[in-house]
Every structure is written in C-alpha cells, then in structure tokens.
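A.B. asks: Here's the letter readout for the chains.
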Amino acid sequence: MRFSYALPEFLVERDLERCIRCKVCVRQCAFEAHCYDEETDTVSVDSSKCVGCLRCVTMCPTSALIVRQNPTSFKENASWTGRAIKDIFKQAETGGVLLTGMGNDRPYPIYWDHILLNASQVTNPSIDPLREPMELKTYLGSKPDRLDIKKENGKLTLKTRLAPQLELRMPVMFSALSYGAISLNASKALASAAKEFGTYCNTGEGGLHRDLFQYADRTIVQCASGRFGVYRDYLQAGAAIEIKIGQGAKPGIGGHLPGEKVSEEVSKTRMIPVGTDALSPAPHHDIYSIEDLRQLIYALKEATRYEKPVSVKIAAVHNAAAIASGMVRAGADIIALDGLRGSTGAAPTRIRNNVGIPIELAIASVDRRLREEGIRQRASLVAAGGFRNSADVVKAIALGADAVYIGTSALVAMGCHVCQICYTGKCNWGIATQDPYLEKRLNPEIAKERLLNLLRAWEHEIKEMLGGMGINAIESLRGNRLHLRGVGLSDTDLDILGILPAGR
Amino acid sequence: MKRVYAKEEICAGCRLCEVWCVVAHSKSGDIVKAFNSEFPRPLPRVMVEEAGPFSFALQCRHCMEPPCIEACMTGAMFRDGAEGPVLHDPEQCVGCWMCVMVCPYGAIARDVTIKKIASKCDLCQGEEEPSCVAHCPNEALVFEDRG
Numbered sequence: 001m002r003f004s005y006a007l008p009e010f011l012v013e014r015d016l017e018r019c020i021r022c023k024v025c026v027r028q029c030a031f032e033a034h035c036y037d038e039e040t041d042t043v044s045v046d047s048s049k050c051v052g053c054l055r056c057v058t059m060c061p062t063s064a065l066i067v068r069q070n071p072t073s074f075k076e077n078a079s080w081t082g083r084a085i086k087d088i089f090k091q092a093e094t095g096g097v098l099l100t101g102m103g104n105d106r107p108y109p110i111y112w113d114h115i116l117l118n119a120s121q122v123t124n125p126s127i128d129p130l131r132e133p134m135e136l137k138t139y140l141g142s143k144p145d146r147l148d149i150k151k152e153n154g155k156l157t158l159k160t161r162l163a164p165q166l167e168l169r170m171p172v173m174f175s176a177l178s179y180g181a182i183s184l185n186a187s188k189a190l191a192s193a194a195k196e197f198g199t200y201c202n203t204g205e206g207g208l209h210r211d212l213f214q215y216a217d218r219t220i221v222q223c224a225s226g227r228f229g230v231y232r233d234y235l236q237a238g239a240a241i242e243i244k245i246g247q248g249a250k251p252g253i254g255g256h257l258p259g260e261k262v263s264e265e266v267s268k269t270r271m272i273p274v275g276t277d278a279l280s281p282a283p284h285h286d287i288y289s290i291e292d293l294r295q296l297i298y299a300l301k302e303a304t305r306y307e308k309p310v311s312v313k314i315a316a317v318h319n320a321a322a323i324a325s326g327m328v329r330a331g332a333d334i335i336a337l338d339g340l341r342g343s344t345g346a347a348p349t350r351i352r353n354n355v356g357i358p359i360e361l362a363i364a365s366v367d368r369r370l371r372e373e374g375i376r377q378r379a380s381l382v383a384a385g386g387f388r389n390s391a392d393v394v395k396a397i398a399l400g401a402d403a404v405y406i407g408t409s410a411l412v413a414m415g416c417h418v419c420q421i422c423y424t425g426k427c428n429w430g431i432a433t434q435d436p437y438l439e440k441r442l443n444p445e446i447a448k449e450r451l452l453n454l455l456r457a458w459e460h461e462i463k464e465m466l467g468g469m470g471i472n473a474i475e476s477l478r479g480n481r482l483h484l485r486g487v488g489l490s491d492t493d494l495d496i497l498g499i500l501p502a503g504r
Numbered sequence: 001m002k003r004v005y006a007k008e009e010i011c012a013g014c015r016l017c018e019v020w021c022v023v024a025h026s027k028s029g030d031i032v033k034a035f036n037s038e039f040p041r042p043l044p045r046v047m048v049e050e051a052g053p054f055s056f057a058l059q060c061r062h063c064m065e066p067p068c069i070e071a072c073m074t075g076a077m078f079r080d081g082a083e084g085p086v087l088h089d090p091e092q093c094v095g096c097w098m099c100v101m102v103c104p105y106g107a108i109a110r111d112v113t114i115k116k117i118a119s120k121c122d123l124c125q126g127e128e129e130p131s132c133v134a135h136c137p138n139e140a141l142v143f144e145d146r147g
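Protein chains in written order, with the numbering used here: chain V, 1 to 504; chain W, 1 to 147.
Think of the hints as simulated: they come from the structure by calculation, not from any bench.
Quick caveat: nothing in here was measured; it's all calculated off a predicted structure.
Treat the hints with care, as some may be off.
The calculated lysine-lysine pairs, modelled on DSSO-like cross-linking and capped at a C-alpha distance of 27 Å, are [as the list claims (entries may be wrong)]:
1) K195(V) - K137(V)
2) K268(V) - K27(W)
3) K116(W) - K7(W)
4) K49(V) - K23(V)
5) K49(V) - K426(V)
6) K159(V) - K143(V)
7) K2(W) - K23(V)
8) K75(V) - K86(V)
9) K195(V) - K7(W)
10) K301(V) - K90(V)
11) K195(V) - K23(V)
12) K23(V) - K27(W)
13) K155(V) - K143(V)
14) K301(V) - K159(V)
15) K426(V) - K33(W)
16) K143(V) - K86(V)
17) K7(W) - K23(V)
18) K301(V) - K137(V)
Computed footprint of chain W on chain V, listed as stretches where at least three residues anywhere in the stretch have a Cβ under 8 Å from a Cβ of chain W [claimed, not checked]:
19) 13-26
20) 51-64
Quick reminder that beta carbons are idealized off the backbone N, C-alpha and C, glycines included.
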C-alpha cells in the first residue's frame, strides 16, 4: 500500500490513567481517529486522521485527551515551509486542486489591529451607557438626496417618498451561510436568533427551507449565479434580496457545494437532484456589465413591487471602489463588500489565500469614492469578512460602513472550532454537515441562545466604546474617521484608510 | 410526577448519560475511580438505543401501572408513595428477572456482577435532577412533569 508522505498535523495523546474506555471519543470522531479494541479493552488513536476540531477533547468526561501540533516537523527553511512541502505532497498524491474551508489563514496584515479608537478626556464628556440612552439602531437602504417637507396649517408632513429600509437593532447581521453548506439546525439557530434580536440573517445561495419561512421577515434572501432555490415565494418572503456577484473567500469563482452534502432536504430547497454537485457559474451569465446588473436589480424590484431593498454583494477586489460606484448607479440599495478574510464552506486553497483585498482598505476606498461622487447616500455599505469582535465593528463603522456581516464569529459562537474541514461535510460539531449522524449534535435552541448572548455582549461593548468617545448614537460615528488613529502603518496605508497616525 | 424525557432529534449518541449514571451510582462518586478501580461497577441504568442515525436514551418510565411490580414475587420492586418513582431493593431481589421479562420498554437490565439482580433507574433519588439529565451535553434529556 502506498502511504502518504505528509506528516500528521496533530498529535493526540491519551492519559491512560484517566481514560475510562467509555468510547465517547470513538463515537464522536467522524474521521475515525479513535478506535476501541474489545480484546484488550483499550482505546487507541491514529493521529494522522485528526483534524484538530477538539470535539473529543471537549466531550471526554475525564479530560484524558490532549491534541497538540505534531512536534515532528519537516526540515523547513524560509522558503520551503512545512505547509509548502505538505501541499506539494498532497497534490503529488491526488493530482487535485487543494480545497479548504473557512477564511484566509495567511499572515496578511490585519488592519483592525493597527487602528486605535479615541476616548473623551476633560474637554468633552464621555457617556455612561448604563445611565444614559445610547442608540445603535441602523437603517439600511437608499436614503433620499434631500427631504421635501410640506407645511400645512402648522403641521409638517414629509413629501419625499422614502425607499424601503431594513431596521437593525445594532449594525451587525449574520452573513450568507447557505443551507447545504451548514446544517438545518445551524440555519434555524441563525434565523431564529436574528429574528429574536432584531437583526437579519442571510440565506446564502442555498434557498430557504420550508421550516425557515417563519423567520423570513428577518431574512435577506440571496440570488446567486446558480439561482438555487430562487422562485417567486422565496423572493417575496425575504425582507431584502441580495444579488451575490462574489464572495471574499473565492472572488472570481462560483459557489461549490459537493454532492455529498446535497441531501433530500437540501435537494428540495435548492431544487436540484439529490447527490449532485451544486456548482454555481463563476459569473451570472445574464450580468456582463453594470447595465446588465441594473436589469437584474430592477427585475427583482419589479417582482417585489419596490417594497424591498436590493443588495449587491461583491468580493473586495482591486477596483472595488469603481465597481461599487457602478453598482450604486445601477440601483443597488445596499452594497455588500466581502473582504480577503471572508470565510467559506469550500474554496480552492490558492484562491482563498491569494485573491482579493483586506476589507479595511475596501471600506475606506469605497466610502471615499462614493462620497467624492456625491452618491454615498444612495446606498448603504455593509462590510463582511473577518470581524472577530465588537471593536472591529466599531472601527468599520468609523471607516464608513453602515453595518457589518458576521459569519465565522457566529459559527464560533455556535461551537465551530475553525478546523477548516467544512468542505468534507464531516463537521464533528454538527454545523457544516448534512450527515444525519452529525447534524443532530447541534441543538438549535442552545445555539440560538449562544448567538443571542454574543449579540447582546457586542451590543453592550459597542455602547461602551461609543460612550467613551462621547457619542450617543452610532449615526454620529459613521464615517467619522477622526476617531481613528493608525499605529505601525505606512503613509500609503494611512492615506487609503483616511486616518491620521497615532500621536497626530 | 417528573420523568426523564428524551429529545431524539438532538441526541448525539455520545452515551455520556450512561457514563454519568454509572458515576452517580458508584461508591466513590469519582468518575475515574468508578470506572478504573472500584468493584463492583454499577451498570448504567439508562441505555442509549440506536438504529442508524436515530438514537435516544431510554430509562425506566416509572409507569403508573407497572408490570414489573406486579410480576415481582419478593416485593423488591416497589413504588415509593402513591405517585412516586418505581424503585428496586437489591437486598430483596433474587434475580428471577421476571421484571426484565415483563417490562414493555426493556428498561430493566440484568446485573450479574456479584449476584444476579435487576438494575434500573431510580431517578437519582435525593438529587435535584437525575445525573443523565444534568450531564447531557446537548440538553437532549429533560426532567419534566408532563402529567
């Protein structure tokens, strides 16, 4: 038998004195790394199968397991890292495109960690959000250029007809995670948490399962190049429609749901045969220009009687600012930008790791371009891709975003351990899987509670940060780059971000 | 009365309920000792039933008209009060296993560790909730009064 030259990534160690041979690890590992031998009454482990999801470690009732990086390494050098060698081995063994899951894990600069927030001292008072009201409510949608107000008999009435708006309790939404990529229980948790909290979740390109229609008024329904699950009731059910042009994890290519994940229910929801790969075309074949985009935007607006905002989502790429300008002119009410660190259930490794630009630079350049052209008010700007905490959100708002989408943070709240094997469909945490054995592991009630806790915690933290800056409404922070300072950034970075260096 | 109910749609089939049942009925109450050094080791009184991806934890249903009490010739199987749980006294049990035969749920196990006796759920008498419920990592077991 040929064996793999690739070294195991992890080493699983078992404390035999603490192991009670209960076999929980054996039952919980979908990769069959643990094995029970009845003859000797021992549990053995094959570290080469371990993906580092830590399900066994978490479930082990006696804490008898340790999973750590394999201390054995290749003879690495600056050019030929262990990862580079391993990738070559894998391709030499399989002849295939390397696949991966989750967001870009390469050490590109994370600008959030080089941006600092301001706080009030002496000359202006800071605000305590526990004692004073603090407004985080956000409206997404096209805003009028000006307001016509009529005064009749001393009464003021608004004459301008406002475009449809999404009302968010705080500027954080759940990003496009399709049913198919994630389990129905995970979708239920996201949708119900969004509804209960007062924000929105996004269907991704997986359609809307019939059990999720009850949350449709808090759901943004996506229309992607594959048009999976798109039909009249779907478009009419959602609170908004999003045309997905691109995704931060894989700009330039379409979504790919492996056939293994196309179960009976996924097939019904996506309207494709069971077990077939759901391959979205790289482009929308009816959109080859801004004019074509305009046609689809208005076709969707017509279909929903101009009652719902239409969002257009693109991956943040080199000329995102110019494209965004075209999107606004084409009639998009919301521009969604998905950055370099945007996550995915499955993407070719090389594309995920090398294509796109960081979301921080994209927000700043798009916001600036739209302001310069005097069309910033015509569309809201939603940023996605790598928001890890509430401070990242505050910084994004100050750079010019109206709201952010969180995907990985929401998954982690539900139990995701970012082991990056979503594309195998064998998620041991019951999230990125359609396997009936595995999807039961995610209790949608617990997951929803954890999501709500996360949102409430972030809400409180955002209020604290705003209060510190002496601001009592998120509107006052939007695009307010004077509250940001850069550390360890080049002049060019600072120029693009439109912020001053710390100390100036 | 309060009983343990299983939510099979979210049972992960990990069998931690069985593990913690053993610990709850062990002498030491220590999980490592209970499994690795104590003798006798109690049998789990909750059993996870599995068929394909379908699984749920089963334990004595504490029937209102329990066939096991009717079938028990020594009085080892008894009801604790008019509406209380069905309990089992191992001292009086002679291991005839008629209770095992008549239980419609298959919730009584045969313990042959020392002498032949029956083994069944006692709802962890004295505890706020049974150990299986308290330790289910997915909250797939609930302790409720559903009448």
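A.B. asks: Give a verdict on every hint.
C.D. replies: Going through the hints against the structure:
1. Between K195(V) and K137(V) the CA atoms are separated by roughly 15 Å; this keeps the pair inside 27 Å, and the hint holds.
2. A threshold of 27 Å between alpha carbons decides the hint, and for K268(V) with K27(W) the separation of about 53 Å lies outside it, so the pair is violated.
3. Between K116(W) and K7(W) the alpha-carbon distance is near 33 Å, which puts this suggested pair outside the 27 Å criterion.
4. Between the alpha carbons of K49(V) and K23(V) the distance comes to roughly 17 Å, so the proposed pair stays at or under 27 Å and holds.
5. This hinted pair checks out: K49(V) and K426(V) have alpha carbons roughly 12 Å apart, not beyond 27 Å.
6. For the hint pairing K159(V) with K143(V), the CA-to-CA distance comes to about 14 Å; that is within 27 Å, so the pair holds.
7. Simply put, K2(W) and K23(V) have alpha-carbon atoms about 30 Å apart, too far for the 27 Å limit, and the pair is violated.
8. Pair hint K75(V) plus K86(V) holds up; C-alpha atoms about 12 Å apart against a cutoff of 27 Å.
9. The suggested pairing of K195(V) with K7(W) holds, with an alpha-carbon distance near 24 Å, which does not exceed 27 Å.
10. Proximity of K301(V) to K90(V) is assessed by CA-CA distance (about 47 Å); at most 27 Å being required, the pair is judged violated.
11. With a C-alpha separation of about 39 Å, the suggested pair K195(V) and K23(V) falls outside the 27 Å cut-off, and the hint is violated.
12. A hinted pair counts as satisfied when its Cα atoms are at most 27 Å apart, and K23(V) with K27(W) qualifies at roughly 22 Å.
13. Restraint check for K155(V) and K143(V): satisfied, since their Cα atoms lie roughly 23 Å apart, inside the 27 Å limit.
14. Restraint check for K301(V) and K159(V): the C-alpha separation of about 22 Å stays at or below 27 Å, so the hint holds.
15. Among the hinted pairs, K426(V) with K33(W) is inconsistent with the structure: their alpha-carbon atoms are about 34 Å apart, more than 27 Å.
16. For a cut-off of 27 Å, the pair hint linking K143(V) to K86(V) is broken: about 51 Å separates their Cα positions.
17. Taking the CA atoms of K7(W) and K23(V), the gap is about 22 Å. The hint holds against a cut of 27 Å.
18. Annotation: proposed proximity of K301(V) to K137(V) holds, straight-line Cα distance about 25 Å (limit 27 Å).
19. Counting residues of the segment 13-26 of chain V whose C-beta sits closer than 8 Å to any C-beta of chain W gives 7, which meets the bar of three, so the coverage hint holds.
20. Residues of the segment 51-64 of chain V with a Cβ under 8 Å from some Cβ of chain W number 3, which satisfies the need for three, so the listed coverage holds.
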